[in-house]
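Protein chains in written order, with this note's numbering: chain F, 1 to 181; chain B, 1 to 174.
These aren't lab readings, by the way, just hints derived from the structure by calculation. Be careful, since some hints might not be right.
What the hints assert, rightly or not - Facing chain B, a subset of chain F residues (Cβ under 10 Å, in silico): (1) Val20; (2) Leu43; (3) Met44.
Unchecked claim - Sample of chain F residues facing chain B (criterion: CB under 7 Å; computed from the structure): (4) Tyr16; (5) Ala23; (6) Asn80; (7) Val82.
Ideal Cβ placement from N, Cα and C applies to all residues, glycine included.
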Amino acid sequence: MSTPATTYALDQISQYEWTVDNAKRNAFNNGAMNINNGRDVILMVEGYALNYGINENLAGIQGVTNDVYRLCGAMLQTANQVLTGGTGGGIVPPSGGGGSLIYFPINIVVSSGDISGTYTITNPDWKGLTQLSPSCLLDDTPQTLNTQYTYNIVSGTFDFSLITFQPQVGTMFSTFGFKNA
Amino acid sequence: MSFTPNFSCSQSSGLPGTILTTDISVGSDGAITKRRLFFLQADGTYLVPSGDSQNYIDWALINSSISEDLLTQDTALSVTVQWLDVSNTVLYSKTIAYGFDAFGQTFFYGLSDGQVPITSPPVTLSTDYYQNKVMFFCYLTSAAQAITYASDIYKAQICYDLDQNMINNQSFYF
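All chains should be built: construct the whole structure from the sequences, respecting the hints.
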């Protein structure tokens with residue numbers, strides 16, 4: 001069972017997922033009600049209570065947590081995916097057509113005192129992009145995936161801990177190529 | 001000096017159609033010569049002032065903020081600012097999802113403030129009134145959560161459209 005704080009986040013996500021789902025269901029059923037009509041309102045109200053209980057450290061919080069978790073119902077899986085895997089698709093990098101390479105310019109800021117191998121860079125827009133070009137340019141120097149750097153596709157994070165050279169203080173311009181699924 | 005791009009957008013109840021965008025970047029880069037502002041809507045089109053043929057708004061570097069009257073209802077937007085050099089190469093870019101809900105918030109306040117008139121409501125209407133009012137508030141919060149948790153302007157816009165339907169048919173709902 002998830003923690004009260006995580007359950008509150010699941011509640012918030014499930015609420016809007018139910019709002020959208022009910023709107024679509026109603027549209028396709030000539031406005032007919034279904035058993036989940038109003039579930040978004042229930043989640044809004046119960047989520048408010050849960051959040052108050054969390055903030056005030058009230059007794060019985062686990063019971064409220066369990067109840068809210070149950071109320072998320074069929075949206076739990078989606079809510080978990082949004083919570084752990086990033087965005088729900090509202091901002092999608094342009095497809096480029098047919099899975100062609102899409103290049104993203106990035107900037108890596110190296111401050112005085114930074115040392116080689118300690119920095120990462122993350123961008124939520126990169127989450128879920130399934131393929132990378134075989135290498136990237138960093139400060140005009142080709143870098144090879146899994147040799148000089150690694151990429152975490154879930155978090156959209158580049159890790160340059162494998163690079164051995166000492167970066168210069170300043171901003172390095174780079175370009176990475178991605179492919180959509 | 002290094003440059004960290006950043007910006008913020010805001011909206012007020014007095015001017016709900018106007019988006020105020022402010023550049024809050026840190027540092028400087030002498031190569032930057034121009035700045036562009038994009039308002040991407042949930043339907044994939046860009047919001048620009050009427051008559052503009054390009055899908056972005058030129059934002060002069062001399063101005064730290066820019067105000068554009070673009071909205072006619074609550075709208076979820078993916079806002080992008082690009083900083084470019086003299087060759088129109090994008091040096092820096094930042095995108096943030098926003099839910100602009102001043103129309104709905106102002107209408108909701110109007111319901112509480114008695115600005116939306118109800119003449120001798122029957123008991124049944126009073127019952128529905130609060131049920132509908134809670135639904136309206138639920139849609140507003142759902143939209144905000146779609147932005148907060150997932151930057152999902154598509155689902156947020158669905159929620160805003162549900163609210164707009166209640167505003168358009170307020171004599172039925174309230």
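Hints, verified against the model:
1. Val20: The hint holds - Val20(F) has a Cβ within 10 Å of chain B, the shortest such distance being about 5 Å.
2. Leu43: holds, 9 Å
3. Met44: holds, 5 Å
4. Tyr16: holds, 4 Å
5. Ala23: holds, 6 Å
6. Asn80: violated, 12 Å
7. Val82: holds, 5 Å
Violated hint for the displayed structure: number 6, the only one.
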